[in-house]
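Throw the hints in and build the complete structure from the sequences for me.
There are 2 protein chains.
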Amino acid sequence: MTAVVTTGVPLLADAVDAQGVPVTRVDWRPPMPGTRDDLATVAADPLRADANRRAVEAVLGVTASLVDVAPASEVLGLEAGQFLHAGPPITWERASGPLRGGLMAAAAFEGLVDDPEDAPARFERGDFTLEPCHHHSAVGPMAGVVSPSMWMFVLEDRASGRRTFCSLNEGLGKVLRYGAYEPSVLTRLRWMRDVLGPLLRRAVAGTPEPVDVTGILTQMLQMGDEAHNRNRAGTLMLLRDLSPALVSCGADPADVAEVLRFVGGNDHFFLNLAMPACKLALDAARGIEGATMVVAMARNGTDFGIQVAGTGDEWFTGPAQVPEGLFLGDFGPDDANPDIGDSAITETAGIGGFAMATAPAIVRLVGGSVPDALAATRRMHEICLAENPRWSIPVLEFQGVPTGIDVTRVCRTGILPQINTGMAGKVAGTGQVGAGLVTPPAEVFPAALARLAELARSRGAVTDLR
Amino acid sequence: MTAVVTTGVPLLADAVDAQGVPVTRVDWRPPMPGTRDDLATVAADPLRADANRRAVEAVLGVTASLVDVAPASEVLGLEAGQFLHAGPPITWERASGPLRGGLMAAAAFEGLVDDPEDAPARFERGDFTLEPCHHHSAVGPMAGVVSPSMWMFVLEDRASGRRTFCSLNEGLGKVLRYGAYEPSVLTRLRWMRDVLGPLLRRAVAGTPEPVDVTGILTQMLQMGDEAHNRNRAGTLMLLRDLSPALVSCGADPADVAEVLRFVGGNDHFFLNLAMPACKLALDAARGIEGATMVVAMARNGTDFGIQVAGTGDEWFTGPAQVPEGLFLGDFGPDDANPDIGDSAITETAGIGGFAMATAPAIVRLVGGSVPDALAATRRMHEICLAENPRWSIPVLEFQGVPTGIDVTRVCRTGILPQINTGMAGKVAGTGQVGAGLVTPPAEVFPAALARLAELARSRGAVTDLR
Chain A
19 MTAVVTTGVP
29 LLADAVDAQG
39 VPVTRVDWRP
49 PMPGTRDDLA
59 TVAADPLRAD
69 ANRRAVEAVL
79 GVTASLVDVA
89 PASEVLGLEA
99 GQFLHAGPPI
109 TWERASGPLR
119 GGLMAAAAFE
129 GLVDDPEDAP
139 ARFERGDFTL
149 EPCHHHSAVG
159 PMAGVVSPSM
169 WMFVLEDRAS
179 GRRTFCSLNE
189 GLGKVLRYGA
199 YEPSVLTRLR
209 WMRDVLGPLL
219 RRAVAGTPEP
229 VDVTGILTQM
239 LQMGDEAHNR
249 NRAGTLMLLR
259 DLSPALVSCG
269 ADPADVAEVL
279 RFVGGNDHFF
289 LNLAMPACKL
299 ALDAARGIEG
309 ATMVVAMARN
319 GTDFGIQVAG
329 TGDEWFTGPA
339 QVPEGLFLGD
349 FGPDDANPDI
359 GDSAITETAG
369 IGGFAMATAP
379 AIVRLVGGSV
389 PDALAATRRM
399 HEICLAENPR
409 WSIPVLEFQG
419 VPTGIDVTRV
429 CRTGILPQIN
439 TGMAGKVAGT
449 GQVGAGLVTP
459 PAEVFPAALA
469 RLAELARSRG
479 AVTDLR
Chain B
19 MTAVVTTGVP
29 LLADAVDAQG
39 VPVTRVDWRP
49 PMPGTRDDLA
59 TVAADPLRAD
69 ANRRAVEAVL
79 GVTASLVDVA
89 PASEVLGLEA
99 GQFLHAGPPI
109 TWERASGPLR
119 GGLMAAAAFE
129 GLVDDPEDAP
139 ARFERGDFTL
149 EPCHHHSAVG
159 PMAGVVSPSM
169 WMFVLEDRAS
179 GRRTFCSLNE
189 GLGKVLRYGA
199 YEPSVLTRLR
209 WMRDVLGPLL
219 RRAVAGTPEP
229 VDVTGILTQM
239 LQMGDEAHNR
249 NRAGTLMLLR
259 DLSPALVSCG
269 ADPADVAEVL
279 RFVGGNDHFF
289 LNLAMPACKL
299 ALDAARGIEG
309 ATMVVAMARN
319 GTDFGIQVAG
329 TGDEWFTGPA
339 QVPEGLFLGD
349 FGPDDANPDI
359 GDSAITETAG
369 IGGFAMATAP
379 AIVRLVGGSV
389 PDALAATRRM
399 HEICLAENPR
409 WSIPVLEFQG
419 VPTGIDVTRV
429 CRTGILPQIN
439 TGMAGKVAGT
449 GQVGAGLVTP
459 PAEVFPAALA
469 RLAELARSRG
479 AVTDLR
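Chains as they are written, first to last, in my numbering: chain A, 19 to 484; chain B, 19 to 484.
No lab work stands behind these hints: they were computed from the structure. Built from N, CA and C at the ideal position, the CB exists for glycine as well. Among these hints, one or two may not hold up.
To be verified - Partner residues aside, some chain A positions facing chain B, computed with beta carbon under 8 Å:
id	residue
1	Arg250
2	Ala251
3	Met255
4	Leu257
5	Ser266
6	Val274
7	Leu278
8	Gly282
9	Pro378
10	Val388
11	Val413
12	Glu415
Unchecked claim - What follows is a list of derived Cβ distance ranges for each label pair:
id	chain 1	residue 1	chain 2	residue 2	range
13	A	Arg408	B	Asp348	21 to 31 Å
14	B	Arg180	A	Thr205	40 to 50 Å
15	B	Gly350	A	Pro48	55 to 65 Å
Right, here's the structure in full:
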């Protein structure tokens with residue numbers, strides 16, 4: 019049977035179609051400018067195919083279990099004055115408003131300053147250190163600020179013993195991760211430190227089998243969550259799994275009820291489990307020589323960075339974009355900070371913006387239309403190496419989510435990963451202003467490709483441009 | 019602008035299409051045999067249009083809140099030896115295996131017999147009475163057996179004060195509602211009577227605002243539940259709403275934990291709230307003269323019956339069909355009892371089989387394909403009077419579920435309501451054997467139409483057959 023693939027001018031497709039030949043219409047675009055030679059080099063790299071196969075297998079082989087909840091000082095060894103943040107490395111001087119606001123809140127929360135407004139001078143003076151969460155096996159949504167007294171979810175891949183970490187979700191509105199630092203933010207953080215964290219730790223310890231975070235993600239994707247900006251079903255399943263041990267742990271019933279109300283009232287609570295589960299999976303592919311799979315996408319509010327399996331821990335960065343979407347109250351595009359947070363680890367693992375087809379109600383939060391949401395998932399398959407059979411989308415006849423962003427496919431098609439995200443106010447202290455859709459800056463992919471090509475050449479790979 | 023509606027031979031449609039005229043293709047079928055005169059009479063009934071408008075408004079105006087959990091003896095006034103069952107009225111002699119099995123379990127549970135096997139003789143002798151749940155403002159899934167000591171959800175329409183009732187869901191497998199009566203069934207029923215019911219009552223009493231069952235249904239439909247055979251998200255939201263009061267009610271924490279485990283481990287628990295919420299809405303349209311809207315579809319395992327807004331409490335019945343679907347373990351079609359249960363009240367209200375488009379994962383349980391599920395919802399719009407703006411389906415661009423089955427549209431198109439359902443073993447004591455898809459027997463709709471026509475004629479309506 020003859021089949022014809024057409025691109026560009028639709029007249030040819032129509033003509034062939036009229037002759038009864040099956041036609042597949044492909045939205046062809048030229049490769050990204052300047053990538054021709056590097057694409058040829060990487061395509062010819064003898065390591066590539068097997069490396070990508072191993073990278074996919076490694077990612078899909080990971081299952082994440084919730085094994086502990088503990089202070090960052092204990093599990094990450096953070097000390098007073100040490101702060102983690104979302105995205106690639108950045109200094110206080112280049113930090114955006116919401117990241118500064120989050121750091122100000124955290125400095126006050128740790129008792130390093132009496133008033134958050136006193137913190138900038140201390141950061142400017144270099145009294146405190148800043149490092150990416152990603153450099154400590156951790157991820158953080160939005161500002162992603164972690165300080166020693168914050169409690170962390172501890173996720174483990176039972177097969178390898180590897181662990182990843184993420185702070186506890188504060189809810190919406192005026193919260194640290196969106197850059198707010200008013201007194202209510204600090205009051206909530208103290209309650210999370212004194213009540214929420216310790217009770218969750220006891221509940222996790224008292225649950226006969228560790229909560230299967232990867233399994234909850236499987237279910238969520240059949241329940242209208244895409245696990246980045248919708249985590250409603252996931253949060254409810256976490257409550258279901260932890261609540262029997264929580265009520266039996268001997269804690270004051272009033273505290274238990276308050277924990278149930280806090281978690282049950284925050285549809286985003288599970289995001290902070292989805293994110294480290296995705297990191298745990300993707301980290302399994304780090305450092306596989308020749309692999310062109312993206313293993314991290316992260317933003318600090320100023321820079322957007324990616325890391326790639328075959329290029330070690332190197333960051334390829336460009337300017338973070340301002341999302342397009344829907345705004346809360348009177349806020350508008352001028353109020354929005356550029357893209358921020360480690361939460362794009364969800365898209366890197368094939369959910370979030372990559373799985374919007376399974377969560378069409380998300381368009382009421384991030385904008386766009388239902389057909390757009392379905393199309394986004396289909397489009398992401400074009401730049402991915404695999405489908406994840408564990409995470410399937412019922413409405414697409416149970417097709418697995420597109421998984422393993424391939425730097426070469428992005429460069430060859432010009433199709434950029436689709437991320438959905440919350441938007442922080444660009445002025446420190448504002449909080450959330452909206453939610454929307456965004457992509458990475460295009461240039462990070464040719465930069466990563468160039469490095470992959472350079473490494474291939476250094477191994478003796480030959481570029482065949484015939 | 020000219021538009022053309024075509025039926026039958028597609029050549030005409032193609033020809034018109036080729037001329038650039040918008041074409042709507044309709045799957046036209048002849049009316050059901052023998053309905054021509056009655057259709058004409060009812061169409062000419064001057065009451066009809068306004069009656070149906072009022073019926074739709076009445077149904078859509080109801081909101082269901084969970085206001086109590088209490089024994090049937092207390093809220094329904096049931097006395098020893100009184101049993102309710104699903105579907106239209108039936109005698110022991112004509113009762114199917116699963117209904118008999120459920121009644122045998124209930125008789126033993128009430129202490130009327132020592133051994134369930136002793137119960138048939140007592141029923142045959144006429145020692146006990148049988149009445150439909152629907153005659154007591156109640157509904158029951160599958161066998162739908164209610165006896166005085168069973169605890170009931172009490173739902174209330176806050177505006178009118180009307181109430182409906184449903185028993186508590188036992189979970190899957192060997193359970194009374196599927197006709198099982200072995201010792202484990204009775205042990206579970208006793209625990210539900212002694213622990214689950216009383217604790218839920220205290221939780222409901224201690225919850226500041228009554229649980230908004232209609233609102234949970236709105237959310238469920240955005241979370242992959244169609245609220246008949248998928249109630250996973252609904253069950254989790256019920257837990258979320260009740261658990262803070264449950265842990266604060268002063269009960270033994272071990273009992274609280276067991277209640278949380280039982281409800282959290284039974285994805286169908288919310289069905290027994292969805293059903294009375296649907297009945298509460300539909301009962302608002304009962305008795306509206308001239309209205310052709312179906313207000314109940316119910317099966318007792320032998321007969322399938324419908325009730326219609328404009329015909330009072332009269333049942334129109336025909337033989338219940340055996341569903342087509344998927345079977346558990348070694349069970350097959352020969353093991354399945356005909357359709358049973360009041361749960362088709364969900365389809366009558368526009369969810370369940372009518373909302374399968376929003377729950378494509380349901381095909382893994384009831385059979386069929388994802389496109390079938392999407393098509394089923396679209397097809398049901400053809401026989402319904404309205405869409406429910408409160409219950410919308412994201413993937414269909416937030417279209418409201420098809421609501422208010424119109425007897426005249428069913429007769430005119432021959433399209434039968436699509437029900438999804440569990441399947442009980444036809445031998446008493448078996449339990450569940452599968453789940454599948456089923457429709458009412460076609461003849462109940464012409465029978466209801468004939469009665470509507472008769473009533474219209476008695477009011478002086480003129481049949482215009484020109």
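Comparing the hints with the structure gives:
1. Because the smallest distance between the Cβ of A/Arg250 and any Cβ of chain B comes to about 7 Å, under 8 Å, the interface hint for this residue holds.
2. Because the smallest distance between the Cβ of A/Ala251 and any Cβ of chain B comes to about 5 Å, under 8 Å, the interface hint for this residue holds.
3. Look at A/Met255: its Cβ gets to within about 7 Å of chain B, closer than 8 Å, so that hint holds up.
4. With its C-beta approaching chain B no nearer than about 6 Å, A/Leu257 sits inside the 8 Å limit, and its interface hint holds.
5. Below 8 Å, beta-carbon pairs count as interface contacts, and A/Ser266 has one with chain B at about 5 Å; its hint therefore holds.
6. With a cut of 8 Å, the hint placing A/Val274 at the interface with chain B holds, because the nearest CB-to-CB distance is about 5 Å.
7. A hinted interface residue such as A/Leu278 counts as satisfied when its beta carbon comes closer than 8 Å to some beta carbon of chain B; here the least separation is about 5 Å, so the hint holds.
8. The closest approach between the C-beta of A/Gly282 and any C-beta of chain B is roughly 4 Å, which is under the 8 Å cut-off, so the hint is satisfied.
9. Restraint check, A/Pro378 versus chain B: the minimum CB separation of about 4 Å is within 8 Å; hint holds.
10. Annotation: A/Val388 was flagged as interfacial toward chain B, and the flag holds, the nearest CB pair being 5 Å apart, inside 8 Å.
11. With a least beta-carbon distance of about 5 Å to chain B, the hint placing A/Val413 at the interface is held under the 8 Å criterion.
12. A hinted interface residue such as A/Glu415 counts as satisfied when its beta carbon comes closer than 8 Å to some beta carbon of chain B; here the least separation is about 5 Å, so the hint holds.
13. Separation of A/Arg408 from B/Asp348 is about 28 Å and conforms to the stated range, judged on CB atoms against 21 to 31 Å.
14. Take B/Arg180 and A/Thr205: their Cβ atoms lie about 44 Å apart, and the range 40 to 50 Å holds.
15. Remark: the range hint 55 to 65 Å for B/Gly350 to A/Pro48 is upheld by a beta-carbon distance near 57 Å.
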